[in-house]
Amino acid sequence: MYDIPENAVLIVSERGDSFADALMRPITASGRVPVRLGATAAARNFTIIVQDGDAIVTPQIPMVIRMPRLSGMQSADARFLKGEALAALWAIAALTTAAVLGRPGPMGFGGGCSLSASVNELRGGLRTNRMEVFMQGLTWPQSDTGWYFKTPDSVEPLNHEQRAAYPGPQRGRYIRPGEQYESVLVLGPDAWCRGGARIVGHDLAQDSIKLANQLGLDMALILWALSEDLRDPCLARITPWPHREDLDFAWDPFVAAAISHLTR
Amino acid sequence: MITAIGLATDPTIQHFVAKCETIGAEVELVDLHDLALADWMFPLPGRNAIWRYRETEHQLSAVGRYYVRPIDLSSVVASKRDAMSCQAMVQALCAWLETIGEAVVINRPGHFQDNGSKPLHEALLARAGFLVPASLTSSDAETLSAFARAPSVVKTVCGARADCWTVTPNDFCTFRAESGPVHLQRRVEGADVRAHVVGDTVLALRIDSDTTDYRIDSDAKYSPITLPQALTTRMTRTARDMGLIFSGWDFKIDADGQFWLLEANPMPGYNSYDNQLDGSITDALVALMTKGQR
Chain A
1 MYDIPENAVL IVSERGDSFA DALMRPITAS GRVPVRLGAT AAARNFTIIV
51 QDGDAIVTPQ IPMVIRMPRL SGMQSADARF LKGEALAALW AIAALTTAAV
101 LGRPGPMGFG GGCSLSASVN ELRGGLRTNR MEVFMQGLTW PQSDTGWYFK
151 TPDSVEPLNH EQRAAYPGPQ RGRYIRPGEQ YESVLVLGPD AWCRGGARIV
201 GHDLAQDSIK LANQLGLDMA LILWALSEDL RDPCLARITP WPHREDLDFA
251 WDPFVAAAIS HLTR
Chain B
1 MITAIGLATD PTIQHFVAKC ETIGAEVELV DLHDLALADW MFPLPGRNAI
51 WRYRETEHQL SAVGRYYVRP IDLSSVVASK RDAMSCQAMV QALCAWLETI
101 GEAVVINRPG HFQDNGSKPL HEALLARAGF LVPASLTSSD AETLSAFARA
151 PSVVKTVCGA RADCWTVTPN DFCTFRAESG PVHLQRRVEG ADVRAHVVGD
201 TVLALRIDSD TTDYRIDSDA KYSPITLPQA LTTRMTRTAR DMGLIFSGWD
251 FKIDADGQFW LLEANPMPGY NSYDNQLDGS ITDALVALMT KGQR
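Protein chains in written order, with our numbering: chain A, 1 to 264; chain B, 1 to 294.
Since the hints were made in silico from the structure, they are not lab data. A couple of the hints might just be wrong.
Said to hold, decoys possible - Mimicking SDA-like on lysine to any residue, the simulated pairs with C-alpha atoms at most 25 Å apart in a straight line are:
| no. | chain 1 | residue 1 | chain 2 | residue 2 |
| --- | --- | --- | --- | --- |
| 1 | A | K82 | B | T156 |
| 2 | A | K82 | A | Y2 |
| 3 | B | K19 | B | I225 |
| 4 | A | K82 | B | M267 |
| 5 | A | K82 | A | R15 |
| 6 | B | K80 | A | P157 |
| 7 | A | K210 | A | L115 |
| 8 | B | K252 | B | S145 |
| 9 | B | K252 | A | I56 |
| 10 | A | K82 | B | E178 |
| 11 | A | K150 | B | R47 |
| 12 | A | K150 | B | D34 |
| 13 | A | K82 | B | D82 |
| 14 | B | K80 | A | G137 |
| 15 | B | K80 | A | L158 |
| 16 | A | K210 | A | R231 |
| 17 | A | K210 | A | F254 |
Unchecked claim - If you want the ones that stay clear, here's a sample from chain A, every Cβ over 12 Å from chain B, calculated:
| no. | residue |
| --- | --- |
| 18 | G16 |
| 19 | P34 |
| 20 | R176 |
| 21 | R194 |
| 22 | D229 |
| 23 | A236 |
| 24 | E245 |
Where a beta carbon is used, it is the ideal one built from N, C-alpha and C, also for glycine.
So here's chain B without its partners, still in its complex pose (with noise of 0.2 Å):
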């Protein structure tokens, strides 16, 4: 049995469950907004976990097998006290499943958060030895549109997902430090790829597109692509020492067919890129989770 602990609203969560369903593969989820106003009890290390939910007790094997999407809804909710066990109650599975041991969590936590500051995550993989595009990130007006006078695309600091756009020096001309930091990166024209690392096994689809951001064209061409063998190795060995049994990686292909990573996400959603590889990504996750069961 799979269990599936994330927002019964997130596609990608809907997407695992349904493709589990489709292979044969046993599924369960856990909703997440149901958990945070249930009765729970995670006891660590390494024992069962209870929660008691509408008169009904539920167990989660300290032994079992998961997939994991933990997503803390405090800021959403309408009250502090509804806040609060939100963040504990993430807080607490999120401890439960690091210290559990002998079972399989996809991703466990306790892996490297650095995704959360896009300047931090970029100086790392450039330092893993990828080829990284060199950004910006100032408050300083005449700094970022210095920068920005070879060709720079934006994006957030922290890695909140918003639209990747293009921007020019006079983009800053009323900037003021107060909306600032800004992140800029140079831009790097040609395909975009998207690869996902499930344990040794890499996924990738090139993409073409005529936007900045492929995410918004829905005429974005995707057809699967072999990486090459010396990249993938690098993928996997950093993805290791990250502490992350699956990723997504954004790389862009430049004119003389270089790979320039953009970002390596820890919890990717990756329904869409599944869906035109076949379920192939689902396939990948089920059998590392069920390795030695089925």
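The shape of chain A in the complex, shown without the other chains (with noise of 0.2 Å):
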């Protein structure tokens, strides 16, 4: 077990996490001690105990949670005990009375958020009347126009050409021409917008507040696509585990509110 200090703040996160390298340096700067952990090392550093209708986690410590991974190249041994670390770690977060960026709820880590955007526009309580469609050896729509198809792997959209050819699963939405986007950050009752455009009809801030509320999230980059003339804003992508180098427009004031979030 890792001898972690009383004025820590615990990141628990894998290698290469670009976000959880970034916040080292504030939370020093705040005074508070950054511990970095990975999932099952950082488990087994708390315990909880339920009684008498209440949860009692110790030790109090404010953490960030980083999306964690259950890889499916370890041994089936090494699989179980890291399955029980993360569901261990699922409560800690979800039951400890200290402050958690990233706090997991009922629905696991990243709250309610899905890979299908219709079914997250259904759980956030928006329009769902926008086609999304999962499929494997299949190739629809018989053209390019309109769609945005990826891979469960891959990092770019496909062209018809490479959809064709791919064999294995594809998800893909219809978008509309000439389609603009606006991203929001929210913290908690906070949020940023990269570009500020005025949308008729829409406080793109305060609907992503009410959204990540919705889906169980206190965090979350939203990605909403809106009509080329810049209306009718409908959801295209949702992560409760954003990347640093995507924060760009807002990291100062969104590290700003992070960190006296975890030192309050």
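Could you use the hints to bring the two separately framed chains together as a complex?
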């Protein structure tokens, strides 16, 4: 077990996480000691007692929870131990009374956030009239027009030829011609918009705070798709674990609010 | 028509299909193994899905009746590509089932998942007003040993199926943190109760056994039991709050007749209990799925 100092802020993340890297300095500057551990090592430092209707988590340490992974490449025993640690970490982060950034809820890490945009819209109380399709072994629609397709392991969207040649699973969503995008970073009751374009009939900052709240997320980067004339926002993507490089537009105010939350 | 979606080798799915056939309910089985390796398309929201396997095309109706046991086979298939197909198919199926609002789906994906973290699950059940035995989750040998001085059992933290064993302080003499975390729960002496909530219906069995885990006791005695009204009301309300139409609840009854809740299972393997109850759990499931149709 790791001897975590009393004035620590624990960052639970895997190696190579740019967001976690970038938090180290501001945490130190706040007078706290940043301690970074993987999910398994972190979980082994805590004890949870559930008794008489109460849950007590010790030690009481503010923490940042980044996306935990259950790798498929380990042995069955190693996967079991990691699964046990992740299950404990889930309870630790959900039940602790210390401040948490990325607090999981009854749906798990990442709250009610799904891989499916339609499901996110449904759970978030948004309109769900934009077609989304999951498929394997089929090529539909027969042309590229108006669709965005990805495979589970592709970073960039696929064009029609790539899709037709790819035998595995794909997910696609209809996009409008000339679509524009706006990113909004949410942290609890605060939100920062990248472009700040005025959208008729919508306050995207408030819409984003409400959506994150509906999905049980204390932090999220939300990408809204707008029509060519900047109307009619639709949810394009939401991630509870954004990369540091996607947050340049709001990093300074965001990190100030995050540190304030963690060191309250 | 009821569509059962799950692994054809799963005894619970097999039982459901067989019972449906026995009572004359029209049922078809979609094997997740076939589906994962087939061509498929799940359009959202609220449209029919199609899948094509061995030259035959099948449809899944957006207004159908579904009994679903979604199991991700990705960790047990040989190739990385098949693993990706299995995982993506279960994700796609679950997303589709969640958005077909006019269909009846038992259980519709999107329900609480906290059964996958026992300490969280127990804390939330306690907050919902149930009596829940005290528990400890830790990797510290001294803390675990101290808790085990009173009668305790050990369970998996993640809720994976495993036999339940009694532990003593000696079990932690050579324990190292690298083997943790471990979840211990105070042992409650008394009979077991297994109840199934199907909508607003509660069907329960009392189980008397001399072993810590009655599931491995071939001499265990099963008998139907009616639970107190206040308890069934709390169970059905909590199940609804968790997003569950169908759930399996495990209790212990202590010497004072108090019901201690151990867990609420969101995907109960209910076949053996249904056999003890003359198929009444399947009857209730079918009735709920075919309400207004039969």
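These are the hints, each one checked on the structure:
| no. | hint | verdict |
| --- | --- | --- |
| 1 | K82(A) with T156(B) | holds (12 Å) |
| 2 | K82(A) with Y2(A) | holds (17 Å) |
| 3 | K19(B) with I225(B) | holds (22 Å) |
| 4 | K82(A) with M267(B) | holds (23 Å) |
| 5 | K82(A) with R15(A) | holds (16 Å) |
| 6 | K80(B) with P157(A) | holds (21 Å) |
| 7 | K210(A) with L115(A) | holds (19 Å) |
| 8 | K252(B) with S145(B) | holds (24 Å) |
| 9 | K252(B) with I56(A) | holds (24 Å) |
| 10 | K82(A) with E178(B) | holds (11 Å) |
| 11 | K150(A) with R47(B) | holds (21 Å) |
| 12 | K150(A) with D34(B) | holds (23 Å) |
| 13 | K82(A) with D82(B) | holds (23 Å) |
| 14 | K80(B) with G137(A) | holds (17 Å) |
| 15 | K80(B) with L158(A) | holds (20 Å) |
| 16 | K210(A) with R231(A) | holds (19 Å) |
| 17 | K210(A) with F254(A) | holds (18 Å) |
| 18 | G16 | holds (21 Å) |
| 19 | P34 | holds (22 Å) |
| 20 | R176 | holds (17 Å) |
| 21 | R194 | holds (27 Å) |
| 22 | D229 | holds (26 Å) |
| 23 | A236 | holds (15 Å) |
| 24 | E245 | holds (26 Å) |
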